[in-house]
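Engineer: Can you build the whole structure from these sequences, using the hints too?
Number of protein chains: 4
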Amino acid sequence: MATMRATVFHGKDDIRVEEIERPRAGVGEAVIRVTLTTICGTDLHILRGEYPVRPGLVIGHEPVGVVEELGAGVTGYEVGDRVLVGAITPCGQCRGCLSGHAAQCGHGEGYEALGGWRFGNTINGAQAEYLLVPHAQANLAKIPDELTDEQVVLLADIASTGFSGAESGGVRIGDAVVVFAQGPIGLCATVGAKLMGAALVIGVDGDSNRLRMARSMGADIVLDYREVDVVAEVKKITGGGADVTIEALGTQETFEQALRSLRPGGTLSSLGVYSGKLHIPYDAFAAGLGDQRIVTTLCPGGKERMRRLMEMVKSGRVDLTPLLTHTFSLDQITEAYALFGERRDGVMKVAIKP
Amino acid sequence: MATMRATVFHGKDDIRVEEIERPRAGVGEAVIRVTLTTICGTDLHILRGEYPVRPGLVIGHEPVGVVEELGAGVTGYEVGDRVLVGAITPCGQCRGCLSGHAAQCGHGEGYEALGGWRFGNTINGAQAEYLLVPHAQANLAKIPDELTDEQVVLLADIASTGFSGAESGGVRIGDAVVVFAQGPIGLCATVGAKLMGAALVIGVDGDSNRLRMARSMGADIVLDYREVDVVAEVKKITGGGADVTIEALGTQETFEQALRSLRPGGTLSSLGVYSGKLHIPYDAFAAGLGDQRIVTTLCPGGKERMRRLMEMVKSGRVDLTPLLTHTFSLDQITEAYALFGERRDGVMKVAIKP
Amino acid sequence: MATMRATVFHGKDDIRVEEIERPRAGVGEAVIRVTLTTICGTDLHILRGEYPVRPGLVIGHEPVGVVEELGAGVTGYEVGDRVLVGAITPCGQCRGCLSGHAAQCGHGEGYEALGGWRFGNTINGAQAEYLLVPHAQANLAKIPDELTDEQVVLLADIASTGFSGAESGGVRIGDAVVVFAQGPIGLCATVGAKLMGAALVIGVDGDSNRLRMARSMGADIVLDYREVDVVAEVKKITGGGADVTIEALGTQETFEQALRSLRPGGTLSSLGVYSGKLHIPYDAFAAGLGDQRIVTTLCPGGKERMRRLMEMVKSGRVDLTPLLTHTFSLDQITEAYALFGERRDGVMKVAIKP
Amino acid sequence: MATMRATVFHGKDDIRVEEIERPRAGVGEAVIRVTLTTICGTDLHILRGEYPVRPGLVIGHEPVGVVEELGAGVTGYEVGDRVLVGAITPCGQCRGCLSGHAAQCGHGEGYEALGGWRFGNTINGAQAEYLLVPHAQANLAKIPDELTDEQVVLLADIASTGFSGAESGGVRIGDAVVVFAQGPIGLCATVGAKLMGAALVIGVDGDSNRLRMARSMGADIVLDYREVDVVAEVKKITGGGADVTIEALGTQETFEQALRSLRPGGTLSSLGVYSGKLHIPYDAFAAGLGDQRIVTTLCPGGKERMRRLMEMVKSGRVDLTPLLTHTFSLDQITEAYALFGERRDGVMKVAIKP
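Chains as they are written, first to last, in our numbering: chain A, 112 to 465; chain B, 112 to 465; chain C, 112 to 465; chain D, 112 to 465.
Because the hints were derived from the structure by calculation, they are not lab data. Incorrect hints may appear among the rest.
Copies of the same chain look alike in the list, so a pair counts if it fits in one copy or across any two.
Below 25 Å or equal to it, Euclidean Cα-Cα: the simulated PhoX-like pairs (lysine-lysine) are [to be verified]:
(1) K388 - K425
(2) K388 - K253
(3) K123 - K425
(4) K464 - K425
(5) K346 - K425
(6) K123 - K388
(7) K253 - K346
(8) K253 - K425
(9) K346 - K464
(10) K123 - K347
(11) K253 - K464
(12) K464 - K388
Structural biologist: Written out as structure tokens, the structure reads:
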């Protein structure tokens, strides 16, 4: 039996790098040798027991690698191809996918809430030497030779998610946009809003390091919620409210401020993962009569999405490498989790090299 | 001084038909002699002190009439023209209107939440012998000769609002749609969902009379919330959740059920007027990751909207006259309010003839 | 070697029912036993040598059948399931499909113009006892027990195509729509425009039988181009031009009239298959400055599309059985082609039972 | 009688700066003192007799000025306000405007093809000391103090038109876009495509100066049609065809190349003004089955559009001043026309100061 090293979740605050069985590709599947991956905020939720996954699962969902094995029915690829795989791996053939909601993939049949998110959630994930990719035909995106692993690894989740905040919000040329929270996802939402033509992007956070990063990634104005009344300030700057607000954290406070910062007819685009109850104060919501919209989006995946995002990197329009502040080997991954979880040393994202 | 009879709000539970000054048309305005109007659920909220307007205001916002006077700058109309005027009277020239959000009209300049709703809210309304129409050029819709007042009066608000529930929800051919509450607005949402091609429209209410009406207006299935677990039933019927749900009441319970009845990727289209806090249970909301949308819409107004709705009546596709269950003169309007408020005698909507 | 009877194209005006090898299902494929199919106008073009396909090909692309064999990797189906398969069989996993253009399917990789249309075009088709279905997971749509083969067979192509004329045209509540040509596709476009809320649908043709059928399928007005100046008449009826016009034939004359019948800001939705050059007279096109759009659509396929269309039949909103005017066995198919090609006996569509 | 200097069209090749009567503001109108304007390619068509206007008309449609007089009913402005007025001056209150097609404005009632374009077309225009602005409430856009006249004058037409090429084309993050012709409108389309997130913008022209300008305004690649087979090159670079192509000239050749350069499912966004017949070769058009769209757009106007574009300049995202290569006084305007018409001295746009 061939084995591999992998990051296995055993329970709350207990992940270990272990030797486990190496996966084999079945019909329509592929196995890739992972050359670069990273840790996501969601992985921290899993580690802390806040998002439940089954013990024994390999975690991680942002893989760059090389094709090692191709299952029956997968065509147009060769062993050795360098590929990027999105965090979300739609089948392309179920009701969810065929309806344009690939992130709610039903794996061949109906649809399932969050069903497209499988890596490190319902099947083994990317923080390992090898990774089984389901529905490989729809999910292996070849990496152009001129791009490095580091240039593309953050496209798998944070760029795809962050940009979708602006896309689902329908940002238009001339819009004023506010992005609440400037962690990796929020920074990518800031970048996405600029890419779509916003005249003004206001980044909000309470961490000076992140606000500095927001400025350097394109925010026109940054607001520190520790220092100003964000809603009042947004209304003043925008002359009554933003066209689009993007929530990139998942708390009642940021959600409510995002709603209160909207103009009538505006859109709140929500990326956060919420727990507990969310309250919508009716006064913030124009009593339901303000022609406002609340839209939610789970990271768009699939190889065409990845291809498009790599095109943005190739033409120099997007460069997320400044976010990769630290590098670790797979065997050092518990150190990496600690650093990332405690936000030490100005960490934004960590590169993990199996 | 010319006078007229009008329904004046004096305070909670106190409206009176009185003789007041008749309006004159200023620049860009018109005065119409009201020939038919009706009472809206919102008027009941005003009467009960639940929605604040200033004492002394004439209420009502659904006018059919005849042009009596045209102000300077209004062209293409003549005294004597029969016209329908929407409940919402956009100016067409402010930032809100020019952005496609005419219901959030700023009256020439910026925008204002609910700003397009003026009749019986911020200026004198339609339950009177004469009515001053602001921005007349944008709001006087000529009534085709072949249509009666009764055939068009319900287009001003309830048809425009109800249909917009389906329109903002983006109903498509083949959709399964649930409409929560089958009062006048909800019934029109039911009609609207059918008009846009829904395969299945499920009407929900707890009033047998309204459920019967829902069936006769086109609902394929009706559910009585007193008898069945609506969310479970919807999920069973639709195989996992509706594509679009329309909330037409404005309560926590209906909002929450509308959210829980959605499939991943579905849209909740909200028409209700909410008070207090709304709660969004995170489990009903797929933790914010279900690609779901919540959209709100205030009644679309303006003469082009009214023209389009009258075309639907003209071609026989829409007939709302069955909803006009009772008729009163203006002087009997307090009786009409009582009947309508208490939902006596199977009342759906009342016709008021000044 | 197992064999089957099939309709084989040998060259211009030469099709024969022959005994050929029965297909076997490979990875991701299925074989169905065809229980009902029909002949399409496109098949006539093939027979007449106007649309080139390779000699030896089995033609036909509208299959209803029963699953006979399932290839590796196809899940959720069983031998014996009754299924409808769309004329277009997208893979769901290529660049075209993942971009929302499934009819331009690249079969796993990029995209290809018309690539989704394979049956009877680039692979063996449906006028046979057995049919190999590629990408079966994305294309086998189970037929609800309560629906007969006859009720669903016309969904595979003509309903899906005809309705898409209205969908791509963006028909809205209150629109005036003109449909040029009232053959099977045009009639379905007429039905589709009504389903989406058009106030007025005008059907145009020069065949009295088809104009009668148009009226019975929902056209509010029919115009016989042999008797009236269609463009002038449309402009008069609509007060300046239609919101949407649908071209369902594929000739210069109908295309040009569809363009001239549009209002400024209107949309020409084209379904026809054109040959030779199309001319756009600049005066018909407002010199390119009328905010008009020309959109083209190839029949949407895939199992979710078929499921949605079957829902419309199930709820009684769509009934296309009146179009199935004649029935033939597979062995009589050359007679069926003759009748259909010569438009004898008021034929609209023929049912072929293998 | 107060008089003013103005550029009057007298017939083919005959424009003269003359002393004519100064306009007065009627109801809903304003008069501005023009401080800066420019010459448009359309003005050249008028001068050459290629686009017919009535002799005696003052031409020009790109005005920056100061409010001199406000008619009855215009509110929220004061004499002395610096304003930008779009080339298109919608009323906001007709069927065209209320349907979202403000450029096809019907001046209070229905709609009219190109009806929103009035300055220098159907009413006196901007190449004069004073200008009467119709529907002033919808069209006077106050200029922020920090912006100069030169920074905003090109927004009135060329930026609004050029950007709309990308907007109507639906450019998305990751798209490959080709812009045919790199004159002022085409350059703005190039800028617009970048603003909306195109990964790759290819600029096409046959003038080396314009190709250089295209590069400096953001084109990733420029193609000289004198040197390469543009369609073949686009297909090679994009791997099969562009997502969006923008036609910014108005000739058969550029239109046809724009169509041939599209991928299946792509959109041709046309800005050009065409004369004579346009031919659509059916092979370039996938025989009408390629899910392709052709969209046309006339310059969006109105004060909200101008406000949004000025926000883009204010935040530094758009700077069109490099296009203002020459400056003339109003009395030198015939020299300016000559220079601009002959494309001498690397002229892109000329500033005219009354």
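Engineer: Between the shortest in-copy and the shortest cross-copy C-alpha distance, which are at most 25 Å for K253 and K464: within, between, both, or neither?
Structural biologist: within (19 Å within a copy, 46 Å between copies)
Engineer: Measure nothing new, just compare the shortest in-copy and cross-copy C-alpha distances for K123 and K425 to 25 Å and report within, between, both or neither.
Structural biologist: This pair counts as neither: shortest intra-copy Cα distance 40 Å, inter-copy 50 Å.
Engineer: How would you classify K123 and K347 at a CA-CA limit of 25 Å: within, between, both, or neither?
Structural biologist: neither (45 Å within a copy, 36 Å between copies)
Engineer: 25 Å Cα cut-off: does K464 pair with K388 within a copy, between copies, both or neither?
Structural biologist: neither (38 Å within a copy, 48 Å between copies)
Engineer: Up to 25 Å between alpha-carbons, please classify K346 paired with K464: within, between, both or neither.
Structural biologist: For K346 and K464, neither the intra-copy (45 Å) nor the inter-copy (37 Å) Cα distance is at most 25 Å.
Engineer: Classify it for me, K123 with K388: is the Cα-Cα distance of at most 25 Å met within a copy, between copies, both or neither?
Structural biologist: For K123 and K388, the Cα distance is within 25 Å only inside one copy (23 Å; across copies 35 Å).
Engineer: Is it within, between, both or neither when you check K388 against K425 at 25 Å Cα-Cα?
Structural biologist: Answer is neither: 42 Å inside a copy and 39 Å across each miss the 25 Å cutoff.
Engineer: With identical chains, the pair K388 and K253 could be close in the same copy or across copies; at 25 Å between alpha carbons, which is it: within, between, both, or neither?
Structural biologist: Neither, since 41 Å and 39 Å both go past 25 Å.
Engineer: How would you label the pair K346, K425 (within, between, both, or neither) given a Cα cut-off of 25 Å?
Structural biologist: For K346 and K425, only the inter-copy Cα distance (18 Å) is at most 25 Å; the intra-copy one is 37 Å.
Engineer: Under a CA distance limit of 25 Å, which applies to K464 and K425: within one copy, between copies, both, or neither?
Structural biologist: Cα proximity of K464 and K425: one copy only (22 Å, versus 44 Å across).
Engineer: Taking 25 Å as the upper bound on the Cα-Cα distance, should K253 and K425 be classified as within, between, both, or neither?
Structural biologist: within (13 Å within a copy, 40 Å between copies)
Engineer: At most 25 Å between C-alpha atoms: does K253 with K346 qualify within a copy, between copies, both, or neither?
Structural biologist: Between copies only: 19 Å across chains, 45 Å inside a chain, cut-off 25 Å.
Going down the numbered hints, you'll see the structure goes against 1, 2, 3, 9, 10 and 12, while the others check out.
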